[in-house]
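K.L.:
So you can see what is in the structure, the chains are spelled out below.
Number of protein chains: 4
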Amino acid sequence: MSRTIRITVWNEYRHEKNDAAVAAVYPAGIHEAVAEPLRREPGFAVRTATLDEPEHGLGGGVLESTDVLIWWGHQAHEEVSDAIAARVQQRVLQGMGLVVLHSGHLSKPFTRLMGTSCLLRWREAGEKERLWVVEPGHPIADGLGAWFEMPHEEMYGERFDVPAPEAVVFISWFAGGNVFRSGCCWTRGKGRIFYFRPGHETYPTYKQREVQAVIRNAVLWTAPGSGPEMKLGDREPPLEKI
Amino acid sequence: MSRTIRITVWNEYRHEKNDAAVAAVYPAGIHEAVAEPLRREPGFAVRTATLDEPEHGLGGGVLESTDVLIWWGHQAHEEVSDAIAARVQQRVLQGMGLVVLHSGHLSKPFTRLMGTSCLLRWREAGEKERLWVVEPGHPIADGLGAWFEMPHEEMYGERFDVPAPEAVVFISWFAGGNVFRSGCCWTRGKGRIFYFRPGHETYPTYKQREVQAVIRNAVLWTAPGSGPEMKLGDREPPLEKI
Amino acid sequence: MSRTIRITVWNEYRHEKNDAAVAAVYPAGIHEAVAEPLRREPGFAVRTATLDEPEHGLGGGVLESTDVLIWWGHQAHEEVSDAIAARVQQRVLQGMGLVVLHSGHLSKPFTRLMGTSCLLRWREAGEKERLWVVEPGHPIADGLGAWFEMPHEEMYGERFDVPAPEAVVFISWFAGGNVFRSGCCWTRGKGRIFYFRPGHETYPTYKQREVQAVIRNAVLWTAPGSGPEMKLGDREPPLEKI
Amino acid sequence: MSRTIRITVWNEYRHEKNDAAVAAVYPAGIHEAVAEPLRREPGFAVRTATLDEPEHGLGGGVLESTDVLIWWGHQAHEEVSDAIAARVQQRVLQGMGLVVLHSGHLSKPFTRLMGTSCLLRWREAGEKERLWVVEPGHPIADGLGAWFEMPHEEMYGERFDVPAPEAVVFISWFAGGNVFRSGCCWTRGKGRIFYFRPGHETYPTYKQREVQAVIRNAVLWTAPGSGPEMKLGDREPPLEKI
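Chain order of the listed sequences is A, B, C and D.
Count the first sequence with my numbering and you get residues 1 to 242, in order.
Count the second sequence with my numbering and you get residues 1001 to 1242, in order.
Count the third sequence with my numbering and you get residues 2001 to 2242, in order.
Count the fourth sequence with my numbering and you get residues 3001 to 3242, in order.
None of these hints come from the bench; they were simulated from the model.
Careful: at least some of the hints might be erroneous.
[Stated by the list, open to error] Pairwise CB distance ranges, derived in the manner of DEER restraints:
# : chain 1 : residue 1 : chain 2 : residue 2 : range
1 : A       : A20       : D       : P3042     : 46 to 54 Å
2 : A       : I242      : C       : G2145     : 20 to 28 Å
3 : A       : W122      : B       : G1145     : 13 to 21 Å
4 : A       : E41       : D       : E3064     : 52 to 60 Å
5 : D       : E3166     : B       : K1207     : 16 to 24 Å
From the three backbone atoms N, C-alpha and C, an ideal C-beta is built for every residue, glycine too.
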């Protein structure tokens, strides 16, 4: 339990360069805002990677030496190469944790792992979002109260077209009249996946204490274990008499 | 598929006799308001039963000849005999469907089957409730649109202390700031259970078209199948050589 | 409930033409063996389609007018066009039922919908398989006893790399020492998916009464409902004051 | 993560005193055989408690200061007081972990939490049991290979009448022709529950390395977190305008 968890925070990193409103909130990029509180945690080793780096920053063994990958993308999902999306998918099946944030719901790695459209309702009205904890015993809810809220967020609403999560940790209430399963857990292969809804690029969501706590908890929950390898046939039991 | 489904609508039937405001909305009792639209469905045979009848109206073979039991109770949960609650539980395990409405979340049959406290937040403020369909492919959502609402309802809010449902068909939004898993499915033994939130005794909720459609769909979904009996040992396969 | 269910049985249809041992068991093709008992059911309209037909037999509106697609493939999964696999996936998300048989576990439509490798252990030793019903209340177990068996089958063994099923209806015991989740249910989008393990091409598995009953039950269980459309935004509720 | 986990191993402790064959295998009692390897783990504080102690060894604050309770019982389930069974259930709902071993499937705490009969098939024939890991990424499979086996065990077979587990970590194959979901996870309230099948009193099952590893992993997985309290109403958000 005391081993280091190697985290890579991946960010599309375009809005921050194209849009002054986003740059004002996240001058060093959303990846740095997500990475910064994780860097203060004992036992976490944190790197970042972005779309416009060679191999999207995931080559040279980075992906292979990542225990938990955090993913933020939005306007350039289609620019992520199919080959790299497939490598992320394979790494998850072999045990790498994946934490998908906000508009990452339409990213290639996530939609490939879900098998569904991952579409949802949405509205940009800067409305209040209140997240209710519906699984208070789940490790991702550690340290939280029964609810927390953000004064201004983009709205995401149901129907969220994903496979029914293995656990729904949070459900969001939006002032404008919508609800959303905002914290969703799945296992795929040996890997654990957590989707967390908040995080619009024009709001300081990732600077909020509860949001940082959830991402930290999600890293711990998705970190790989040491169960049997996914390779088949390497050590079979004796064939019983048939 | 063409056989008759034998439905028993059970109601505590106290509010309607004690409280003029309730009697004004449901003069013949909530059980009659629930039963009436079901009686118009082909293939449904509908009876009612109430707390103050002998054996709560469930003796004399009524329970044994019920395919789907619908349950509404509120102020007198403790007056339901433990023996009859245990018989309801056993019938569900053997395959009888159970549809639990609104304040029935604290009824003895439901809490025995769930194994949890079944507690929740609540508030009587006559606020708007909007139900969103989160599983559009589920049979209980047949014939519905993406959402429907009630202008005035009692609020039930998360954390709802039940085992994670096998399917969450509806999530409610309440104007006052809460969310709730309002349509929840479980299997226990051979039986299927559906909990449906709406239905406060002072609002004409059970007269609303969508609510009636959900209850009808829930009867079809919880109706027993013809899978193997739950009795063990009646026909074992040959013991393989060991 | 009385509407016709339009079924298309899809078969790769290569083994039967290449391999005399297979042709001896299934002279008209596996698709005809699967289709024949379904054609005798009231309310089922059954077509077949095969790999070597134009558009694999799924063009010209066939896929769009299919309620439940049954899929058998094995040696030629890669010859199924990506475009048609994607169309099958989309149709499932919109509500079409999908029943995947035996070696179809590695077919393109199934692996795209699962998001995992779908790999498993296997062995061809003609050993005994016994299926135990683990969800006796599930509609797919209707009419079955507590167990049934096949004297000779190919072995499929765990770990089966699929997302944890929403229901596991059957678990298989194999004489040689393996177990397998042989009847698995998932919902993806509005569609229901059932995977059923038995069915090796050199054994008369599809002529067995229980196997035919399971496939018939699976058609009924996966047949589409009439819940809300998956299109978003076509009729939104009024925005609440924010 | 570095806090101590306080474990109480509860044992009926009758077979060992009544039956020389059991005493020969477990001379200090099954509770000591289960406790001994846990005592060697850093961060575990281990106590034992048995049926014939006052309050079954769970009074005087023992239950309230237990993080994870391990339960073995068989012939004297009915002698466990209803009041203490109810206290165990309440503690689980508030977050205490519960690990139920073998014949504990019919214990009062477990059946109350499940809400079902918890019955199963069984046979004492000393046959081989092989457990297959079906969720290799689950923390309870940490450190295991793809399978492990016991040369002689009592057989437990499906249908096991429990609510569908949230995760099935192991499925057992028995030489005599049966299968069983041998490692089952549930959440109830804030608490996590793990049922582990092996452990007949006349076999040295609890001395086997893999069995000890599973129980250790189960303690870690069921240990309570620090999510929101289950008490309602202690700190409500402001009521939104309605």
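K.L.:
Output the indices of the hints that this structure fails to meet, ascending.
P.N.:
Numbers 4 and 5, in rising order.
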